[in-house]
Amino acid sequence: MSEILVVVDHIGGAVRKTTAELLTCARRLGEPSAVYFGAEDGLIPGQLARYGATKVYVLDDDAYRDCLVAPKAEALAHLVATRRPAAVLIPSTLEGKEVAARLSIKTDSGLVTDASDIVRGEDGAVETAKPVFGGAFTTTVSITKGTPIVTLKPNSLTPPENAGATVPIEVETVDVAVSDAAKAARIIRRESRADLGRPDLAHASIVVSGGRGTGGDFDAVEAFADCLGAAVGASRAAVDAGWYPHALQVGQTGVTVTPQLYVASGISGAIQHIAGMRSSRTVVAVNKDPDAPIFGLADFGVVGDLTSVLVQATTEIDSRRASGA
Amino acid sequence: MNIVVCVKYVPATADRRFSAVDITVDRAGVEGTLCELDEHAIEEALRITEADEGEVTVVTVGPEEAADAIARGLQMGAHKGVHIVDDALHGSDAAATSLVLAAAVRRIGYDIVLCGMASTDGAMGVVPAMLAERLGVPQLTLASQVTVEGGTVTIRRESDTATEHIEASGPLVLSVTDRSNEPRYPSFKGIMAAKRKLVETWSPAELGIAPEVGPEAAGTRVSAFAARPARTGGQIVSDEGEGGVRLAEYLVAQKLV
Ligand SMILES: Cc1cc2nc3c(=O)[nH]c(=O)nc-3n(C[C@H](O)[C@H](O)[C@H](O)COP(=O)(O)OP(=O)(O)OC[C@H]3O[C@@H](n4cnc5c(N)ncnc54)[C@H](O)[C@@H]3O)c2cc1C
Ligand SMILES: Cc1cc2nc3c(=O)[nH]c(=O)nc-3n(C[C@H](O)[C@H](O)[C@H](O)COP(=O)(O)OP(=O)(O)OC[C@H]3O[C@@H](n4cnc5c(N)ncnc54)[C@H](O)[C@@H]3O)c2cc1C
Chain S
3 MSEILVVVDH
13 IGGAVRKTTA
23 ELLTCARRLG
33 EPSAVYFGAE
43 DGLIPGQLAR
53 YGATKVYVLD
63 DDAYRDCLVA
73 PKAEALAHLV
83 ATRRPAAVLI
93 PSTLEGKEVA
103 ARLSIKTDSG
113 LVTDASDIVR
123 GEDGAVETAK
133 PVFGGAFTTT
143 VSITKGTPIV
153 TLKPNSLTPP
163 ENAGATVPIE
173 VETVDVAVSD
183 AAKAARIIRR
193 ESRADLGRPD
203 LAHASIVVSG
213 GRGTGGDFDA
223 VEAFADCLGA
233 AVGASRAAVD
243 AGWYPHALQV
253 GQTGVTVTPQ
263 LYVASGISGA
273 IQHIAGMRSS
283 RTVVAVNKDP
293 DAPIFGLADF
303 GVVGDLTSVL
313 VQATTEIDSR
323 RASGA
Chain B
49 MNIVVCVKYV
59 PATADRRFSA
69 VDITVDRAGV
79 EGTLCELDEH
89 AIEEALRITE
99 ADEGEVTVVT
109 VGPEEAADAI
119 ARGLQMGAHK
129 GVHIVDDALH
139 GSDAAATSLV
149 LAAAVRRIGY
159 DIVLCGMAST
169 DGAMGVVPAM
179 LAERLGVPQL
189 TLASQVTVEG
199 GTVTIRRESD
209 TATEHIEASG
219 PLVLSVTDRS
229 NEPRYPSFKG
239 IMAAKRKLVE
249 TWSPAELGIA
259 PEVGPEAAGT
269 RVSAFAARPA
279 RTGGQIVSDE
289 GEGGVRLAEY
299 LVAQKLV
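Top line first, the protein sequences correspond to chains S and B. Taking my numbering, the leading residue of the first sequence gets 3, the next gets one more, and so forth. Taking my numbering, the leading residue of the second sequence gets 49, the next gets one more, and so forth.
Simulated from the structure, these hints should not be mistaken for lab results. Treat each hint with caution, since some may be false.
As the list claims (entries may be wrong) - Computed, partial: chain S to chain B, Cβ under 7 Å:
1. 96
2. 112
3. 135
4. 144
5. 147
6. 171
7. 173
8. 174
9. 191
10. 243
11. 245
12. 255
13. 325
What the hints assert, rightly or not - In silico lysine to any residue, SDA-like type, Cα no more than 20 Å apart, as pairs:
14. S/108 / S/84
15. S/147 / B/237
16. S/185 / B/218
17. S/185 / B/151
18. S/108 / B/151
19. S/185 / B/211
20. S/185 / S/80
Keep in mind that this is a model prediction, so the values were computed, not measured. By construction, the Cβ of each residue, glycine as well, lies at the ideal position given by its N, Cα and C atoms.
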């Protein structure tokens, strides 16, 4: 069976959820091999085998950490040239998309970014589902040239539990001589973001967001989020006002989220905000304006003041839990 | 420091739709505009050259009407424009667009190629990285802040998990986000001056790359599209003092808590 390369999304060895989704897609196309950038001692092969990877290539070089994008693209091009995989699947992070971009030029291959699904088409081509225009349309796009490259958005599918049972996994260390040219953009300093003790926004299964309607007071939004075990997001208006960090902005120029539940509070529902949350399974809106466009998208909406509604909902859920109801 | 700014002409955000004829973006009767996110790239280029010196050229690959995007750039203060127009370009993929742009910026000559973070129609966010790859120069992309000192450029980038400070020396490709600056509005003087600025029109053939662009050469093929069905049956309640309880009940009924 043909080999499919899957780039592992991980933080210090802890594999992020997208990786399981990518491996699940890869199994439909062939035999998945994981590509792991980082020190081998952080790697837990079982995390990858569980979702069907039969092999993992470990690539460890300071350049992958200290330089922007180009070294990883070079390494992947080397793997494509030497292993001749049938496709390369990459997480749709900012970095992932840029790595994919460079790889597509190096290998003269077609590229689809931000896919929500990947299958083998009737004609044998790699076929993707791709939401476009802020999620208002979904397109079917096939890749017709070279080694198909696809980046997949997080939360696109639910990987079956124990999909690959635990198949034996082969670990192979790959050394690629990274060129000096690829090291030209150097990361001279990196500041990790403070851990807020909440789920990662892009991967969260529940997101509670606040907008200009919070007036800058996110207490009710945060308390409701914590009650649901949710990530907190914000509209650009809230970010521009300095009320919330840009890393937590949902929308076209922020993070795209695809949770089971999205709660928009004090957010009007501008097209650029919707672009980042439209694919949410269930949408709840709390807004004092009954004509706010966000209600047109909501499965459930409350017309009212967000603070009183969210505080009451938090209390109600807490008390139901306390009484075991 | 000579800067080439790549700008895209896009359909207005509210009017984005598909043509059932060839499954590409329907531009018929749709108002187009300079991509809002590319205004930040123009602004950054103007700031860099105002602080130092040099010339700003705006370049676009697009249909006849895309001349409007160049005109806007010139009104903001760019010095000249290059429009690469050709019917064969309709339906090109990102790789082909970057091929044409790379040839164009090479011919224009540059210290920095400046791009927006993403277009508002294709929205792939890949053309700047592709350009850097083709030109064989460093990429400093998705900058929320740019500092230029001598020949060295340093950016701040909000990556997926951290804030990174990245440095490279020119020539290079730089892209900026909507957080990098506040784009200026063209002044009356700027609008008048723009009328006298030079805009050159080139064809891909003149750049020596005609066969590699257009839908035939594309690496991807769109076979179908569908509008996302509108959400129906949404239930909207008015808060008469028990809105929070109703919300909690809904979440419980949906097994979301
Ligand atoms: C190129 C571009 C990119 C953009 N990218 C993004 C993006 O990524 N993300 C994004 O969010 N926006 C983005 N925007 C901005 C977007 O167009 C809107 O301006 C923004 O989303 C508005 O934020 P908001 O809904 O919080 O504020 P508003 O539109 O001002 O809405 C506030 C809402 O709060 C309600 N409200 C007020 N008080 C209360 C209360 N006490 N209780 C309940 N409701 C209340 C009001 O009725 C109103 O509906 C972008 C714009 C452009 C041009
Ligand atoms: C809905 C839709 C889906 C598409 N899907 C795919 C796909 O999956 N794969 C694929 O290969 N192509 C795809 N395309 C085609 C692709 O979008 C165009 O070829 C486009 O020229 C480059 O991609 P982008 O618009 O996403 O630009 P981005 O990569 O988002 O643009 C980033 C920056 O590059 C510069 N730039 C981009 N285009 C131009 C231009 N024409 N002239 C000057 N500067 C420019 C601007 O500075 C811009 O801010 C799609 C197009 C649409 C409309």
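(message) Tell me the hint numbers this structure goes against, listed in increasing order.
(response) 6, 7, 8, 10, 11, 13, 15, 17
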